[in-house]
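Trainee: Residue strings, one per chain:
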Amino acid sequence: MALDRLAGFATLSRRRALGLGAALAATSVLVGPTLAADPIKIGLVTALSGQSARAGEALTRGLTIAIDEINAKGGVLGRKLELVRRDDESNPSKGLLAARELVQREKVAVLFGGLDTPVALAIVPFINSAKVPFIDPWAAGTNITHNGANPNFAFRVSAMDDSVDKAMVQYAVKHFSAKKPGLILVNNPWGESNERGLLAALKEANIAPAGVEKFEGNDVDVVPQLTRLKQAGADVLFLVGNVGPSSQVVKSLDRMGWMPPIVSHWGPAGGRFTELAGPSARNVIFVQTYSFFGKQSPVGERVLAALKAKYPDIKGPGDITPAVGYANAYDGMHLAALAIAKAGSTNGEAIREALFNIDRYEGLIKTYERPFSPTNPDALNENDYIWTRFEDNQIVPVTN
Amino acid sequence: MNLLPALVSGLALGSMYGLLALGFHVTYAVSGTVNFSQGSSMTLGAVLGFFFVVLWGWPFALAAPMVLILCALYGAAVERFVVRPFVQRGSDNWLMATVAVGIIVDNLVLFTFGKEPRSFPSSLAVRPIQLAEGAGVYPLQLIIPVLGFTLAAALHLLLRRTRLGIAMLAVVQNPDAARLMGIDVRRTIATSYAVSAVLAGIAGLLIAPLFNVSSDMGTLFGIKAFAAAIIGGLGSAWGVMLAGVCLGVIESLITSTLGSVYTQILTFAAVILILFALPNGLLGQAGVKKV
Numbered sequence: 000m001a002l003d004r005l006a007g008f009a010t011l012s013r014r015r016a017l018g019l020g021a022a023l024a025a026t027s028v029l030v031g032p033t034l035a036a037d038p039i040k041i042g043l044v045t046a047l048s049g050q051s052a053r054a055g056e057a058l059t060r061g062l063t064i065a066i067d068e069i070n071a072k073g074g075v076l077g078r079k080l081e082l083v084r085r086d087d088e089s090n091p092s093k094g095l096l097a098a099r100e101l102v103q104r105e106k107v108a109v110l111f112g113g114l115d116t117p118v119a120l121a122i123v124p125f126i127n128s129a130k131v132p133f134i135d136p137w138a139a140g141t142n143i144t145h146n147g148a149n150p151n152f153a154f155r156v157s158a159m160d161d162s163v164d165k166a167m168v169q170y171a172v173k174h175f176s177a178k179k180p181g182l183i184l185v186n187n188p189w190g191e192s193n194e195r196g197l198l199a200a201l202k203e204a205n206i207a208p209a210g211v212e213k214f215e216g217n218d219v220d221v222v223p224q225l226t227r228l229k230q231a232g233a234d235v236l237f238l239v240g241n242v243g244p245s246s247q248v249v250k251s252l253d254r255m256g257w258m259p260p261i262v263s264h265w266g267p268a269g270g271r272f273t274e275l276a277g278p279s280a281r282n283v284i285f286v287q288t289y290s291f292f293g294k295q296s297p298v299g300e301r302v303l304a305a306l307k308a309k310y311p312d313i314k315g316p317g318d319i320t321p322a323v324g325y326a327n328a329y330d331g332m333h334l335a336a337l338a339i340a341k342a343g344s345t346n347g348e349a350i351r352e353a354l355f356n357i358d359r360y361e362g363l364i365k366t367y368e369r370p371f372s373p374t375n376p377d378a379l380n381e382n383d384y385i386w387t388r389f390e391d392n393q394i395v396p397v398t399n
Numbered sequence: 000m001n002l003l004p005a006l007v008s009g010l011a012l013g014s015m016y017g018l019l020a021l022g023f024h025v026t027y028a029v030s031g032t033v034n035f036s037q038g039s040s041m042t043l044g045a046v047l048g049f050f051f052v053v054l055w056g057w058p059f060a061l062a063a064p065m066v067l068i069l070c071a072l073y074g075a076a077v078e079r080f081v082v083r084p085f086v087q088r089g090s091d092n093w094l095m096a097t098v099a100v101g102i103i104v105d106n107l108v109l110f111t112f113g114k115e116p117r118s119f120p121s122s123l124a125v126r127p128i129q130l131a132e133g134a135g136v137y138p139l140q141l142i143i144p145v146l147g148f149t150l151a152a153a154l155h156l157l158l159r160r161t162r163l164g165i166a167m168l169a170v171v172q173n174p175d176a177a178r179l180m181g182i183d184v185r186r187t188i189a190t191s192y193a194v195s196a197v198l199a200g201i202a203g204l205l206i207a208p209l210f211n212v213s214s215d216m217g218t219l220f221g222i223k224a225f226a227a228a229i230i231g232g233l234g235s236a237w238g239v240m241l242a243g244v245c246l247g248v249i250e251s252l253i254t255s256t257l258g259s260v261y262t263q264i265l266t267f268a269a270v271i272l273i274l275f276a277l278p279n280g281l282l283g284q285a286g287v288k289k290v
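Top line first, the protein sequences correspond to chains W and A.
Position 194 (the first sequence) corresponds to 193 in numbering that gives the first Met the number 0; numbering is contiguous.
Position 97 (the second sequence) corresponds to 96 in numbering that gives the first Met the number 0; numbering is contiguous.
Mixed in with the good hints there might be a few duds.
[Claimed, not checked] Calculated cross-link-like contacts (lysine to aspartate or glutamate; reagent style DMTMM-like; alpha-carbon spacing at most 20 Å):
#, chain 1, residue 1, chain 2, residue 2
1, A, 114, W, 215
2, A, 114, W, 274
3, W, 40, W, 274
4, W, 40, W, 105
5, A, 114, W, 56
Calculated directly from the structure, the hints in this document are not laboratory data.
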């Protein structure tokens with residue numbers, strides 16, 4: 000009796016399964032050939048909530064516009080590209096978990112991500128063992144790409160601390176004839192990394208700094224530190240700190256009635272700098288990789304038009320913030336697609352090799368020629384940066 | 000070397016520590032307990048102020064009392080639900096419980112206010128007054144010490160010279176005897192927690208324009224204020240305020256003479272030295288039970 004029932008159940012489910020299969024087959028015929036091949040998945044691990052949510056959204060949009068362009072031309076290897084993204088909440092362990100999930104379960108061909116340096120650093124060892132190319136479109140920590148692994152699967156289309164430091168020194172010398180710059184740096188690993196970089200760059204330029212001062216992320220008053228630099232004869236300040244701390248430096252300078260030229264890493268770009276720092280915010284010149292203001296290249300025009308068409312909240316260049324997120328992700332995605340096409344497969348090792356063999360790509364930030372090599376995992380260098388400042392709430396380029 | 004700018008900065012900064020530290024003093028004087036998350040109460044005051052004034056456009060004259068009323072309710076609730084149940088059982092677990100409340104508040108603020116630091120504009124923190132070259136202060140930075148010492152004086156007079164104050168002190172001496180004398184012990188302690196949170200709220204409203212409003216703005220302040228409270232002697236309002244100012248001045252003088260690398264190391268070494276030399280704090284009295 001019991002056996003009979005079991006047999007009946009088996010027949011029923013087999014019949015149902017057959018029916019289901021037929022229905023599925025019919026659907027795929029109806030939908031047509033576009034679904035014939037599975038899409039190639041592109042992963043993105045970034046902060047999609049919290050303080051950096053805007054930057055995470057910028058990366059998403061940059062990748063999306065590039066993917067739309069590629070898919071409109073038929074995709075890569077005859078397959079469409081599809082973006083799969085996960086929120087890391089700026090938390091390294093969540094970032095690593097998300098990276099694992101995207102690589103192991105979603106089988107992404109290329110992983111983008113790492114808005115924050117600590118998150119990127121947590122992902123890099125995993126990505127090198129999983130042998131899936133990782134493209135960092137934001138975080139600037141030098142050791143993300145220069146991580147000592149061989150083979151190294153970490154690449155970057157963004158600024159890198161060491162190069163930014165060199166560029167800051169060059170800019171200060173060229174535009175402000177800096178002879179004795181003072182360093183005012185946030186007291187954390189990012190500040191430390193740039194202290195090394197700036198001191199090395201200054202040594203190379205044969206300049207002795209007036210001094211190196213640190214401040215805490217939640218210091219209210221930076222006057223004592225700045226007074227030391229002033230008394231040591233600082234003629235330019237190099238500033239490294241996120242938007243909140245950077246604004247405390249500017250407010251303290253205001254109180255002192257001292258306003259030397261300030262050349263900064265890109266911390267101020269990360270928030271409402273003018274609101275926090277007041278009118279003197281415009282004295283801070285900081286590094287960026289791209290701006291949608293001013294005359295655009297044909298690629299720039301095209302991307303701007305595509306962004307306006309796709310996102311109703313984008314009416315002009317001022318709405319594309321932070322612009323570096325859009326631009327780095329856009330160029331990074333096109334470089335990744337070129338590599339997948341060149342590799343002829345979605346095998347991670349093949350894509351890595353192919354990244355080294357990209358000859359030329361006319362991108363948004365620049366025209367890339369042999370952007371990557373085994374010794375140079377960074378597609379951008381100090382000559383590709385632009386200098387900007389806040390005018391009200393918009394980041395606009397200053398004339399170089 | 001011109002130390003005036005550092006001195007001015009230190010005085011202003013130190014009175015902020017003192018103001019916040021008065022909150023530790025009030026509850027300690029009455030109940031022998033403190034709310035360890037005084038920094039989070041300050042954040043709460045600043046964030047409520049930001050919502051009322053900046054986001055909802057209320058006039059400051061309406062927003063400030065509202066913020067302080069909400070802070071008072073919060074303080075009373077902390078006492079009722081986080082401190083009292085443990086104290087009644089004779090347990091010291093209120094210590095951890097108040098820390099936990101602070102973490103919960105910080106995260107609730109993070110959740111509702113967001114991570115992005117925002118500005119809290121005030122007409123008293125726009126144009127600095129130049130006391131000397133390189134030593135400018137905002138008017139608000141001068142108001143904070145004046146208000147801090149006035150509040151310290153008021154608390155001192157209240158506790159030592161009024162019937163209410165003496166009744167409050169009786170509560171910490173011997174709660175049972177105080178109850179027998181007709182003093183409402185529970186209400187007295189709850190009131191002290193409410194006052195403590197109000198002081199933190201005032202600190203939040205005053206510090207926010209000089210700083211940025213953010214969910215973690217009170218963390219470091221809370222720790223420094225606690226150090227000030229201990230150095231000053233938890234039982235003395237004057238001592239607490241004075242210690243706050245000393246801490247601020249020591250900090251800024253170390254930074255400007257030796258450099259910021261040494262600030263935290265030497266400041267807290269000085270804290271240990273002061274406590275070694277004066278175990279009951281600057282103005283504390285011997286025999287007072289330390290937390």
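Trainee: Determine for every hint whether it applies to the structure shown.
Mentor: Evaluated hints:
At roughly 17 Å between alpha-carbon atoms, residue 114/A and residue 215/W fall within 20 Å of each other, so this suggested pair holds. Annotation: proposed proximity of residue 114/A to residue 274/W holds, straight-line Cα distance about 15 Å (limit 20 Å). Proximity of residue 40/W to residue 274/W is assessed by CA-CA distance (about 40 Å); at most 20 Å being required, the pair is judged violated. Between residue 40/W and residue 105/W the CA atoms are separated by roughly 7 Å; this keeps the pair inside 20 Å, and the hint holds.
Straight-line distance between C-alpha atoms of residue 114/A and residue 56/W comes to about 16 Å, which keeps the hinted pair within the 20 Å bound.
Figure legend: structure checked against the earlier numbered hints; the only hint not met is number 3.
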